[in-house]
Amino acid sequence: MQQLLALVPALPLLAAVLLMLAATRIGTNGVRILGVGSVALSALLACRIAVAQIGAGWAVQPFDVTLWHWMRIGDFAPDVTLHLDGLSLVMMLVITVIGFLIHLYASAYLDGDPGYARFFACMNLFVAAMLTLVLANDLLLLYVGWEGVGLCSYLLIGFWYDDPANGRAARKAFIVTRVGDTALISGLFLLATSFGTLSIPSLMQHATTSWPIGTAMPTLAAFLLLGGALGKSAQLPLQTWLVDAMAGPTPVSALIHAATMVTAGVYLIARTHVLFALAPDALLVTGLIGAATLLLSGASALVQTDIKRVLAYSTISQIGYMFLALGVGAWDAAIFHLVTHAFFKALLFLAAGAVILRMHHEQDITRMGGLRTAMPGVFVVFAIGSASLAALPLVTAGFYSKEAILGGAWDSGPSGRLLWCAGVVGAFLTALYIFRLLFIVFLGEQHRHPHGVTGWRIGVPLGVLAILAVVGGGLQTPALLGGIAIMPGILGGVFGSASHEGALALLPLVLASLVPLAGIALAWRWYGGGLASRFETQFTGLLLRGWDFDRAYDRMIVQPLMWLVRVNHHDIVDSFYEGLGKLAQRTHAGLSLSENGRVRWYAGWLAAGSVAALAIAVLS
Amino acid sequence: MMLPALIVIPLLAALVACLGGRTRANWPRRVTVGALLLDALILAELTRPVPAIGLAPGWLAHFDAPWIPQLGISLRLDMDGLSLLLLWLTLALTLASVAISWREVTAHVGFFHVCLLATTAGIIGVFLATDLFLFFFFWEIMLVPMYFLVAIWGHERRVHAAIKFFLFTQGSGLLMLLAIFALAFVHRQSTGEFTFDYFKLLHTPMSSGTGMLLMLGFFIAFAVKLPVVPFHSWLPDTHTQAPTAGSVLLAGILLKTGAYGLIRFTIPLFPDAAHRFTPIALALGVLGILYGAVLAIGQTDMKRLVAYSSVSHLGFVLLGIFAWNTLALQGAVIQMIAHGISTGALFILVGSVQDRLHTRDLRHLGGLWHGAPRFSAVFLFFAIASLGLPGLGNFVGEFLTLLGTWRVSPPAAVLGAVGLVMAAVYALLLVARALLGPANPQAVMGELSGRHRVTMAAMIVAIVALGVYPQPVIDMASPSLLHLGPLSARAAPLLHLASRQDQP
Chain A
1 MQQLLALVPA LPLLAAVLLM LAATRIGTNG VRILGVGSVA LSALLACRIA
51 VAQIGAGWAV QPFDVTLWHW MRIGDFAPDV TLHLDGLSLV MMLVITVIGF
101 LIHLYASAYL DGDPGYARFF ACMNLFVAAM LTLVLANDLL LLYVGWEGVG
151 LCSYLLIGFW YDDPANGRAA RKAFIVTRVG DTALISGLFL LATSFGTLSI
201 PSLMQHATTS WPIGTAMPTL AAFLLLGGAL GKSAQLPLQT WLVDAMAGPT
251 PVSALIHAAT MVTAGVYLIA RTHVLFALAP DALLVTGLIG AATLLLSGAS
301 ALVQTDIKRV LAYSTISQIG YMFLALGVGA WDAAIFHLVT HAFFKALLFL
351 AAGAVILRMH HEQDITRMGG LRTAMPGVFV VFAIGSASLA ALPLVTAGFY
401 SKEAILGGAW DSGPSGRLLW CAGVVGAFLT ALYIFRLLFI VFLGEQHRHP
451 HGVTGWRIGV PLGVLAILAV VGGGLQTPAL LGGIAIMPGI LGGVFGSASH
501 EGALALLPLV LASLVPLAGI ALAWRWYGGG LASRFETQFT GLLLRGWDFD
551 RAYDRMIVQP LMWLVRVNHH DIVDSFYEGL GKLAQRTHAG LSLSENGRVR
601 WYAGWLAAGS VAALAIAVLS
Chain B
1 MMLPALIVIP LLAALVACLG GRTRANWPRR VTVGALLLDA LILAELTRPV
51 PAIGLAPGWL AHFDAPWIPQ LGISLRLDMD GLSLLLLWLT LALTLASVAI
101 SWREVTAHVG FFHVCLLATT AGIIGVFLAT DLFLFFFFWE IMLVPMYFLV
151 AIWGHERRVH AAIKFFLFTQ GSGLLMLLAI FALAFVHRQS TGEFTFDYFK
201 LLHTPMSSGT GMLLMLGFFI AFAVKLPVVP FHSWLPDTHT QAPTAGSVLL
251 AGILLKTGAY GLIRFTIPLF PDAAHRFTPI ALALGVLGIL YGAVLAIGQT
301 DMKRLVAYSS VSHLGFVLLG IFAWNTLALQ GAVIQMIAHG ISTGALFILV
351 GSVQDRLHTR DLRHLGGLWH GAPRFSAVFL FFAIASLGLP GLGNFVGEFL
401 TLLGTWRVSP PAAVLGAVGL VMAAVYALLL VARALLGPAN PQAVMGELSG
451 RHRVTMAAMI VAIVALGVYP QPVIDMASPS LLHLGPLSAR AAPLLHLASR
501 QDQP
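Heads up: the sequence lines are chains A and B, in that order. Residue numbers 1 to 620, in our numbering, belong to the letters of the first sequence in order. Residue numbers 1 to 504, in our numbering, belong to the letters of the second sequence in order.
Take these hints with a grain of salt, some might be off.
[To be verified] Selected chain A positions facing chain B (Cβ under 8 Å, derived; list incomplete):
1. L18
2. M20
3. H69
4. G167
5. F174
6. R178
7. T182
8. Y577
[Stated by the list, open to error] To spell it out: a stretch of chain A is covered by chain B in this simulated footprint if at least three of its residues, at any positions, have a beta carbon under 8 Å from a beta carbon of chain B; those stretches are:
9. 96-102
10. 275-286
11. 338-352
Treat the hints as calculated values from the structure; they're not laboratory data. Every residue gets a Cβ at the ideal spot worked out from N, C-alpha and C, and that includes glycine.
Chain A with its partners taken away, still in its complex shape (with noise of 0.2 Å):
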């Protein structure tokens, strides 16, 4: 069992590679079967393993497979090798799952689009990348993992590239994620040049013994680290380029820019979080960047007309809650909220698909309302994934994962109170946000009608992610209700027992739980008659635009760079040597001519050199 392992990420690999190679020749049936059926199979083996490993208590026995010695220089000798524990398996099992999910879905969403070949080898290829990137026992093959969803999310960005906007917007997600990296590569650096190696569990164990809480080098290390991670899942001071990512389709959107590689920067810190114990000042800034970013996007989500865009900032904000988690030190509840997040953001995204497809691709909000009685199912899959992201109390897989945030938030000092009402004030922004989203398009008066029916292939996946989006909270409760555990269990071997479990107070869980309704309440009385009243201030312009991230980094980097680029277009040193040459040619042009064939000329200044010469004798 433990040697199939490397199978789950093979597969779709492999499947990818033959998408590639015989993507005429097989039909669409044959890429639906291959691209839809080897994550299938993947998702199959993984839930195999998962049932394999997991032993009393939810405990899971970790393993290691080596499949090849990737190269040995010296010392320095970083292997292919894959590490399955509680948390890489969790991992394994959202990507698989939901994975297969949004294929399904994919399958009926681009039917008829000529790139449909294309599509699913880049999706495969994601699978796998991602796959490999949280089964990785190495920070060097992750980081192969980390580029590689990096690259499938600029293909498919960019994937109907008949418009060169979603090039662009392509683009940008890829170079501004690659800034992150260079901080990330620049810490393996650090790390490997510090330890020799580059394995996850050795470098964990070097640096408890060898470097002294808050010192300078793990917190140096750690900040590299973060600096990877920020751009990967789009916080503070990195988020710009998710919200235009959204420029891809809207499976991809779920899948790549929702449920699974944005979290990556999550599962990375989660992954090293003993690195980052030891580097507080760390930490703190992770809190803090946490907050900060689920603060700023939630406030962007309120006003965003383009229903992809709302989305798209509430899944920054939501990665900041996981960040504030990650910096209060509450790893499982970081990791709880990426796979509820993973659920009902990805359910969210999909229904918008299926709202997306039959509105004839209109994504202005403004243009829809009414669609209750048209589209009474996913009316009711979208309300109850807003339901989930808005945290309603008891029933949603949200509420008990924001409140484990909020909870390890309450309890880890003074500098974890300010990020506890931060978390609170943003549970408030994404209840009202939220409901806005689902009153304004699905209240109200009818606009347009849509067309046809979600078929199957869309329904399937949005009544399981609906499920999931309930049901999921269960995984994991308060002792108050009921303190269900399984979660800790499976992540216990990782993190260790978690030290605030049940320390959860009363006061602040009954407060946290109603916010979300307040919030409900007042989008209601906004926005319950449909688009009724939108309030309009030059607020509301700096918000739409993101509170200008954009425009302050065209400014300052990208124009200068572009200045540079443009003055030295044609090589400044270069000219120096043509210089040269045109001086050469000069010269030969201006001899050229004193040679003239005219004896009275080349007497005349025979005659004055002479003069010279004596002048210059005489007189020196």
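Could you slot chain B onto chain A? The hints should help.
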């Protein structure tokens, strides 16, 4: 006897190709392929795990014959793992050049292959010669046929480019010749023996000033070839104007002779001077990475863009060589090979765009994906390889280089890593401007032909293999890198950063 055969076979084949080329156009092509395959057979025989008996550790083959004994000049050839790797690269890329010129070169077919073979012979000689005089001889040999390749089969400004190429390499070669003579005289002063034998000239005692001067003579010659900013400006012109096969040879192999020279000659002959020069060399490496990338971003001529990206990539090689520890050197070697393949492939692809659409101007291109999805996918693959995607060969080279550099100078490594961001910018801009966008009626090209397709497939396999399992290359290169002797063991304390791990 096998080492001289490697050089003589292409020269003889050149003669045969020249004689028969007038009547039958395919004759020179077949002769060339035959000669290269024969060379490959010999090389395969030499690629064995156990070296011949009686050789110093690290060396695989040896040949010695007197040439001008009065002056201590001999025909001495030696091969170690580094030479062997570069020879394989040379043969593979020359073969690719012949394959992709099969239909494309129709004028003076015989002489074209004579030039190709003569360049190859010169390059093989450069990678084998261990007599400095002989080395210089080969160094010049490979220059002249290359000049003709550019000047006769090149594009619109070919003569200008060819002359520029010739002046740069010839001028810098002159400095090296002076340095070689000076080194021989210095050696005679201290030992009484006048010789050009590389192994005898190693460890020649000399004053630090002399050492620096001679080191610079060698360095500049190799720096022009590599190229190192600010000696790079011949490269964009020559690459842009050269025929596709010429660009492949130039980028794939000729530039590597510069790196090879630095590893084989500059640093081992003048370790102290090179050590003092390290900070400047590292700075030049970083400058090359960033400067090349900035220029690549701004180009609208596809070939120029790829050429400037070469300048950027070879900055990593310079960085790796002067960081001078096992990791960085291995990285530099892998980067040399990976760059040879990926940039060679890009030149082939760009060349086929030029052949069919008669333009390299990105402002007139775009939307190629519509008509030629397979071609575009291959193009995308090599652009991605060139931006250093992990899992492909270039990443292994760049990663190891920067990891080794970090031990010597973390700021240099970080700035080098910034170059990777810029690489993403220019590579993706190239892809976007050439391949993406709406269908362009002026830019419709068909798919690649059979020979191109086979060549591309082989290069893709090579880049992937290098990325996921570079161990064979590492093993082959490591003995020759190990016996080079430690330099940064002394460099490290100077730069206040003691390296903790293994030194060569």
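Hint check:
The interface hint given for L18 (chain A) is violated, since its Cβ lies 14 Å from the closest Cβ of chain B, which is over the 8 Å cut-off. With its C-beta approaching chain B no nearer than about 7 Å, M20 (chain A) sits inside the 8 Å limit, and its interface hint holds. For the restraint placing H69 (chain A) at the interface with chain B, the shortest Cβ-Cβ distance is roughly 7 Å, inside the 8 Å limit, so the hint holds. Checking G167 (chain A) against chain B: minimum C-beta separation of about 5 Å stays under 8 Å; hint holds.
Hint on F174 (chain A) holds. Least Cβ distance to chain B is approximately 6 Å, under the 8 Å limit. A distance limit of 8 Å between C-beta atoms decides the matter here; for R178 (chain A) the minimum to chain B is near 5 Å, and the interface restraint holds. Look at T182 (chain A): its Cβ gets to within about 5 Å of chain B, closer than 8 Å, so that hint holds up. Taking 8 Å as the C-beta cut-off, the interface hint given for Y577 (chain A) holds, the closest approach to chain B being about 5 Å.
With a cut-off of 8 Å between beta carbons, the stretch 96-102 of chain A has 0 residues touching chain B; three or more are needed, and the interface restraint is violated. With 0 residues carrying a beta carbon less than 8 Å from a beta carbon of chain B, the stretch 275-286 of chain A misses the three-residue requirement, and the given coverage is violated. A count of 0 residues in the stretch 338-352 of chain A with a Cβ less than 8 Å from any Cβ of chain B is obtained; the coverage claim is therefore unmet, three being the minimum.
Of the numbered hints given earlier, the model fails hints 1, 9, 10, 11; all others are met.
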